[in-house]
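Which chain is which? The protein sequence lines are X and P, in order. Under numbering that gives the first Met the number 0, read the first sequence as residues 0 to 746, first letter to last. Under numbering that gives the first Met the number 0, read the second sequence as residues 0 to 173, first letter to last.
It should be emphasised that the hints constitute simulated quantities derived from the structure, not laboratory data. One or more hints might be untrue.
Listed next, the in silico SDA-like pairs over lysine to any residue satisfying Cα-Cα at most 20 Å (straight line) [unchecked claim]:
1) X:K73 - X:W162
2) X:K619 - P:E130
3) X:K619 - P:R33
4) P:K162 - P:G44
5) X:K29 - P:R58
6) X:K619 - P:N88
7) X:K391 - X:G698
8) X:K571 - X:K619
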Amino acid sequence: MSRGVVGSSVNRVGGVPRVLGTQVYVADVKLPNMLHAKLVHLDCAHARIRSIDCGEALEVEGVRAVLTAEDLPKPIPRFGPAYRDRPLLAVETTNFHGEPVAIVAAESEHAAQVAASRVKVDYDELPAICTVAQALDPSTGLVQDPSIRSDGPFRHTNILDEWKFGWGDVGGCRAHAVVENTYTFPIVTQFAIEPFAFLAEPTAEGITVYSAVQIPYGLQRSLAAVLDLPLSRVRIIAPDPGGAFGGKQHPKLEPILAYFALRLGRPLRLELTLEESFQEVRRAAAEVRVRSGFDSDGTLVFQDIESNYLIGAYADIAARVVSKASYVAAGPYRVPNVRILARALLSHTPPSTAFRGFGAPQENWAVESQLDEAAGRLGLDRVEIRRKNLPKRGEVFMPQDPPADGDWAECLDRAAQAVGWGDPLPEGRGRGIAMGLKAGPTTAASYTIIRLHLDGSATIYCGTSDMGQGARTVFSQIAAQELGVPLENVVMVMGDTAVVPFDLQTSASRSTVVMGNAVQAACRDIRRQLADLAAECYEVDEEIRVDPGVVHLPAGDRTFVEVLQDRFGRVKGEVIGVGSARSEYVPDHPLGGPPAFYEVVAIAAEVEVDRETGVTEVLKLIVAGDVGRAINPQAVAMQDEGAAVQGLGHSLMEQYILDSAGRIRNLGALDYRIPTTQDAPRELRSIHVENADGPGPYGAKGVAEGGILSTAPAIGSAVAQAVGVRIRDLPLTPERIWTELNRKTTP
Amino acid sequence: MSMQRIRISITVNAERHQLEVDPYETLLELLRDRLDLTGTKKCCGEGECGACTVIMNGRAVNSCIILAAEADGSEVLTIEGLSEGGRPNQLQQAFLDAGAVQCGFCTPGMIMAAHYLLRNNPHPTDEEIREGLSGNLCRCTGYGRIVAAVQAAAAAEATAASKAGLESTPEAPK
């Protein structure tokens, strides 16, 4: 029986083909008559292009065409999810290391590669803006020409946009202790193990584009605009991504590929190298200066936070990252006075985009570290100072927003207990703990169709992208529960805009809540329809109750299958349920709407630092999140654990290293280190606080980002306790720790 | 462009192939593009991430940094050759049961590396598993469940072996 399937740790739906090697990812798709594309880029960030000579490239056997900006319509089509500022190919200048200047199409990948290397670009390298200080310096020149900027006070600066939030009166308040520091967070990249790959196929209807995109309907809108086609003629097939982490939300190279494929009249495939993938997506770097005021007992009096985010040469979704994260920068605390200033700064670096945590890890790194510094100053325990300032469930902590929606102190206490807070520590070891908060989705629009077939099995159509988080599993569990169908008889159809109904996006840990509610609604629609069918079929006048799998009739219970067969008979049929979940845009809310839930965690770490080498080993990493209700506890744990180790990466080892001209010097897996089995903590745990108080089905909240929100401040705090040095710049590399240790011991 | 093709013979998943390959072609490309064995994945292309791990002549290798021509005469086992009649084998099932599979892109390479590890060390310690899989990157799981999956597979194998041992031993202890 499928009763009780919600809340049980069933295995990942879609897991079997993944272990067999039969799962089809976008790079596995091959089409007849397909051409292969290769991008041409320069080994520099900012350059003025004098000329591009494609002659030699065109002579390569098998080459069909080479496209540069000159071959594109004028004005050159631009795209982007928030600002249409990114051109299909670089126009006159390149603005980041990796911006394509030309694209080659050939009969084989090898021929495309050879030809790309023979495209001769004559260019002058120009100075690049690649730090916050340079971007704020009015004398450095502009990353974006004002002609592509919208009117506004920042049009002639490198500030894409600026936000001011807050409440109370920071200027007018007095505090017993004031702590002021600046924290930096480096450029890091998503590093999905699946590099980007795309395929564009001209069809009789228009164009079909294959992309492992998290937001198929967003890509459809972008392409329709660039290609001037109606939405119905742009079909997106989105195979499950091989990891995404936000990096696959928005269009990247699909626009140029689709345009080129239509010109060629043949399917065109582009597979990026890992290095090229690194040049397409990354997290915004940030410098966060915080002044925090406390009473002598540790009560927060004010937070004064200025965040400068270094975004890329084009806006992508970075403005939203900055505004959404900075708005809740004061964290999950009761702070009576808050002043927030945040800027998104354009630079000659790859466009920064969504990355798990969506700006919150940058803010949490700073603000949580401040609490530790204050605890040290005031002689308070680091758990205690947090507990003192956490709001209780139902307490308003941001004046314009929903009150605290969970038991956050319980997260703190359970994380502290799990890490052994207060237990004696061996030499060289330390523990840290930090809260993390991220605002959940604000606007939402998810639609789903569920077909209940004659034999009682069901097919669900939805536009969510299953990139590893297990959306398929959760939706299947909800439908199995609601319809009383065995889990193995529920099939999910996803990833094709010609088939599945509209979904706004797979992002912000929303799918379990938003699409989950839509799935639940569609199941209940089916149950309502079954009641009507039964009333008609069995000529029942009174109201008929329908439970999962059972229709209650005066004459006795009937199964869904019996009702379907009795009603439809030999002509057959099915019941089609429709469900939707929406949250509308609220113009007078700073985020365009209050968050559907807060994603709140406490993360605790225990580390050992080698004083001789500065190497930090994370021994324990605990994530305790208020998840509302875990529809699949194992899936929740899988999200927490993966996110926490991804956070360990940016805490200890990950960063782009740029030269002064903006070249990324550590592209690829060899030079950009992410955690391996050797770096992962031996004790990695996920704890769930469950009170069924979320807005999703059965009280669920979203959980996919929590584990990354405050890993860095937890680890940083543990390192500080272990060896007595506090470093405010991530990552906490052995070099940084060693240098700091030796600076300290030098008389 | 007009480089001479090289004639090779290679056995993949117990099937013998005679092929003409390009001198620059990698074993990974041969598997994915010529034999349509797309279970083996390409990520870094420089032997760092392990997504392309296959077993060649009994050893786990990164197929992205081996030329197809070098594989002449060799025997190769890929993820497609590991399953039993299209169903997960014990190791593959252990990955599913432990929750060690998220996006799945690193999974084939990870399973091949784990398969090699268990072949050579049927009772690995936690540290030996971490060492054995340290050349395979995963960005989704945080690795804990992958290590647990390999432990579970080793334990299941040991149980199966001891059962088989009992059955084949006429004077099994009671």
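Hints, one by one, checked against the model:
1. X:K73 - X:W162: 34 Å, violated
2. X:K619 - P:E130: With Cα atoms ~19 Å apart, K619 of chain X and E130 of chain P stay inside 20 Å; holds.
3. X:K619 - P:R33: Cα-Cα ~45 Å, so violated.
4. P:K162 - P:G44: With Cα atoms ~43 Å apart, K162 of chain P and G44 of chain P exceed 20 Å; violated.
5. X:K29 - P:R58: The hint is violated at about 30 Å.
6. X:K619 - P:N88: The given pair, whose Cα atoms are some 32 Å apart, is violated under the 20 Å limit.
7. X:K391 - X:G698: Measuring from Cα to Cα gives roughly 18 Å; hence the hint holds.
8. X:K571 - X:K619: 58 Å, violated
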